[in-house]
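**Student:** Given the coordinates of chain A, work out where chains B and C should sit on it, guided by the hints.
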Amino acid sequence: MSTLSRDEVAKLAGLARIEMTEEELVNLSSQFGMILDAVARVQEVNLEGVKATSHPQPIENIARPDVVQASLTPAQALSGAPAQEEQRFRVPQILGEE
Amino acid sequence: MIFKTATEMADALSKKDISSVELTQAHLDRIAAVDGDVKAFLHVDSEGALAQAAAVDADRASGKAMSPLAGVPLALKDVLAQKGVPTTAGSKILQGWKPPYDSTVVAKLKDAGVVILGKTNMDEFAMGSSTENSGYGPTFNPWDLTRTPGGSSGGSSAAVASFEAPLAIGSDTGGSIRQPAALTGIVGVRPTYGAVSRYGLIAYSSSLDQAGPFGRTVLDTALLHEAIAGHDAHDATSINAAVPAVVAAAKDGNVKGMKIGVIKQLQGEGYQKGVQTRFTESLDLLASLGAEIVEVDCPSFEYALAAYYLIAPSECSSNLARFDAMRYGLRTGDEGGASAEAVMAATRDAGFGREVKRRIILGTYALSSGYYDAYYGSAQKIRTLIIQDYAKAFAVADVLVSPTAPTTAYKIGEKIDDPMAMYLGDVATIPVNLAGICGMSLPAGLAEEDNLPVGFQIMAPAMQDQRLYQAGAALEAALTSKWGGALITKAPALQGRPSALPTMSKGGAK
Amino acid sequence: MALNYDEIIAKYDPVLGLEVHVELNTESKMFCSCATTFGAEPNTQTCPVCLALPGALPVVNEKAIESTIKIGLALNCSIAPYSRFARKNYFYPDMPKNFQISQYDEPICFDGYVDVEIDTDEGPKHFRIEVERVHMEEDTGKSLHVGGATGRIHGADYSLLDYNRAGIPLVEIVTKIVPGTGKYAPEVAKAYVAELRDILRGLGVSDVKMEQGSLRCDANVSLMLKDATELGTRSETKNVNSLRSVERAIRGEMLRHAEILETGGKVKQETRHFQEDTGLTRSGRSKEQAEDYRYFPDPDLVPVKPDAAWIETLRAGLPERPSIRRKRLKEQWAVPDKEFAAMVNADVLDIVEATVLLGADATKARTWWLGEISRVANDKGVDIAELAITPAHVAELIKLVASGELTDKLARQVVEGVIAGEGTPSEVVAKRGIKVVSDDGALMAAIEKVCAAQADTAEKVRGGHLPAAGALIGAVMKETAGQADAAKVRELLLKFLGQ
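Residue numbers (my numbering), protein chains in the order written: chain A, 1 to 98; chain B, 1001 to 1510; chain C, 2001 to 2499.
Since the hints were made in silico from the structure, they are not lab data.
Computed from a predicted model, the values in this text were never measured in an experiment.
Wrong hints could be hidden among the right ones.
Said to hold, decoys possible - What follows is a set of in silico ranges between Cβ atoms, one per label pair, in the way DEER data are often shown: (1) B:Glu1292 x A:Gln69: 36 to 42 angstroms; (2) A:Ser30 x B:Ser1014: 57 to 63 angstroms; (3) B:Asp1252 x A:Gln69: 37 to 43 angstroms.
The beta carbon of each residue, even a glycine, is placed where N, CA and C say it ideally should be.
Pulled out of the complex, with its shape left as it was, chain A reads as follows (with noise of 0.2 angstroms):
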């Protein structure tokens, strides 16, 4: 049976910035072994020679014109913010690189 370990899933936590309880982790670890199993399924099958399908409709070479059209105001681009200051976003101090 294949299982994600409570350090990997702590891993994959920090990938998709979630922060999680220890219960929490060690509760996703015990799950993932069903599912992990579920949709291992997928290896099962023959898939030499077939090709990936990422869209279900063979929609290709659609483009918009160079053209400016109206964007939305400061007011309400800023509308959502949970925080502002001068007509700009207010995040707090980000540790990563410049």
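**Tutor:** What follows is chains B and C alone, placed relative to chain A:
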């Protein structure tokens, strides 16, 4: 008035027997009376709805040409952005968010003069099959208030089934319109992928999502289908072709000579007895109307569930990354100089429910380096096999059929701790989404063991949505005639609803 | 003990990798119709799509596709008959969707090359830089970090985000690894970026202003021992904002790597930031987790399959290659090899050509730009392009000198004034009251005065000792506050003294 069909309401409006304001108010009163039990709505926009209704009445009075559904009220699944109206996608992470723009579906509804009563409850971010995953509590099935109405469009389906609205919009990624329609005894259609614009539809799984119509009759559903379908330049996956003539097909309702394919893999074992019985009866009825029943074999469908539960979580893990407390929505955990990264993680923990987290983690895993080929990559190939199986089947049949869901509505709380059991409920609906074709569920009767609604699913090739309505209208007419009225009239009375119902006219098929 | 550059080169081979990002000059953004104008008020050019509001969807800009194909063709790339967009997933507040729409294993252009020539003591050297891919992606928003000492991210209390720039079309040009440049690695890198810039400018697809961020360079450097078979560990340097910085950054990294390796250490594979003031790089914050970008084809966008006939039309419409243009100008202006190489190296070709097109003589234009103006730029430590003086100014200046209204010496004062922002040459002349003293009467007065004051020297000149005139001329110049034409003074003085 609220017990009439949308077609009848539209007729009364055009004859000026009733005004849209009166009609809208009647529905708002109904919601006030019964939604305490049903809990279909997250937000009722009385002011906005009455204003829209008044505007439609004014236009009609001034002699303007009106769209067929002008002035008819509708319930909108809270997954579609409506400008200035709280839109939550059933999640706490968007609590209080008011979009500064309209989704294309809403813009089209407004253009058609349809009155939007409010936003309905749903499984959070459309992930679920029972509406129990809503961040705001479940919706209850009008047929039995201890049971789920299905999901993820449970609120929209329950609203129509409880006469709070004659029409509703839902979204269907793995069956989320068809399954609730089946469990609540109404009609629900998942249009061809790309037929209805996804601009403004809060994304769950981009290559599988489609918005679609609910109605109590096939014709009502067709009218709404025509109002919302069409090409949209804002959606690159939108099909640039004429909307199939679904209303004409619903009015025609003729299956003479139609070849109806029964999918071997989607019936029999694993399907509740009453569900199977009603399904077989409906097949017999269709045969008696002149259709030819054939059996088709779609072996790759066995893997459809597995492929879906890899593709959808993968796409959603990426689509839901934008909910990060920076530009809109919930922000928490930001006291004491916490970093942006910490605030993002704390907010997403507080704002997302269990199922959403589960699927994000699963999707993150399926896409991660080293696993892509085995999981997401393989699932996309299964998709190709499913498309090929459908192509083979549609070479010998005009439409394909199956029961919509393996069971009738289950009790609230029954499957919530067993995700796999919940996922199995989608086994019959998922192949449609993977292939990008269209599907309908209409009521096939009640299962004897529990007297709960059973749904009959019809599937048609991409952009042949009119075939759904053609076959659906025929079956509906025959069944309604057999029952002496629409199935929904057999639902138990809800508080405020008179116990002796006037019989509805025969589904409006002729 | 640190090795010097020559010693490093004797022992190690540098290997380069260059990633250049180009901001396209389309009217609207990559995936939405917002304006792309530089310098607008914050968050005035945003919409549901580039803000990543729930439900928004991208639709690609057709001009961006065309520009990218043109770039690929100009870089001798193959154009993919089928390419797709992919999502690059990671979280960062300046990237609203928390994924960037880019291209992954199916880029639109691939396998091209750029030929560069650099000027060395051993004559011109040629290098072919192979281009691995050219692909489309989108830019991020801009953050202002508040509270820290220098406005930088470290030590900031919070940040303010402006999403006007989010979604502006970017084209990324990635080279294959570039070995074999030896001691010329910094120059080759600079020449490559300069050549790219010239090509892009010629195509008209971007403003390519490094100082404005429409052309950005990330430089990867590693060192390997001369007989080694495995590449050394590379470091990536970002924030390289000018051609000069490209050269300095590469050289600096080579020195830094060598110092680590010589003391038995290991070079860390990391991202570093170039510091303009010191010419050194500083380590970026190391990440606890290596990023797994989980690339997958973007389901909201459909494949790009450019029509073969259309590609050929674009190919036929490509402008003159910079190398061809350079040959043409060199012949037109009749410039000797060494001088022309110096012009290319100083990056003054475009600016000289612009000046010539305004009517100036090519040699004079060249002299001003390569001479006085270059000197000022060097003193200030900036690229010529950043000075306030324009081709129009120089053309005007040359006219003024030709007409005799200014001497060369006075013209230099005017240049100083224009660069200081005092206006056009005519305006500076007026403001500063610069005038050539050409009035013979005034000059004669000064000459007589000086000859009277230095009677002995004047006597020497009268006696035929011409070199002595120099001191007298100098004194006359001083007397006229430098505003006399020295040649005229000499003429009048000698005549006065009977020579």
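**Student:** Could you run down the list of hints and mark each one as holding or not?
**Tutor:** Verification of the supplied hints:
| no. | hint | result |
| --- | --- | --- |
| 1 | B:Glu1292 x A:Gln69: 36 to 42 angstroms | violated (52 angstroms) |
| 2 | A:Ser30 x B:Ser1014: 57 to 63 angstroms | holds (59 angstroms) |
| 3 | B:Asp1252 x A:Gln69: 37 to 43 angstroms | holds (41 angstroms) |
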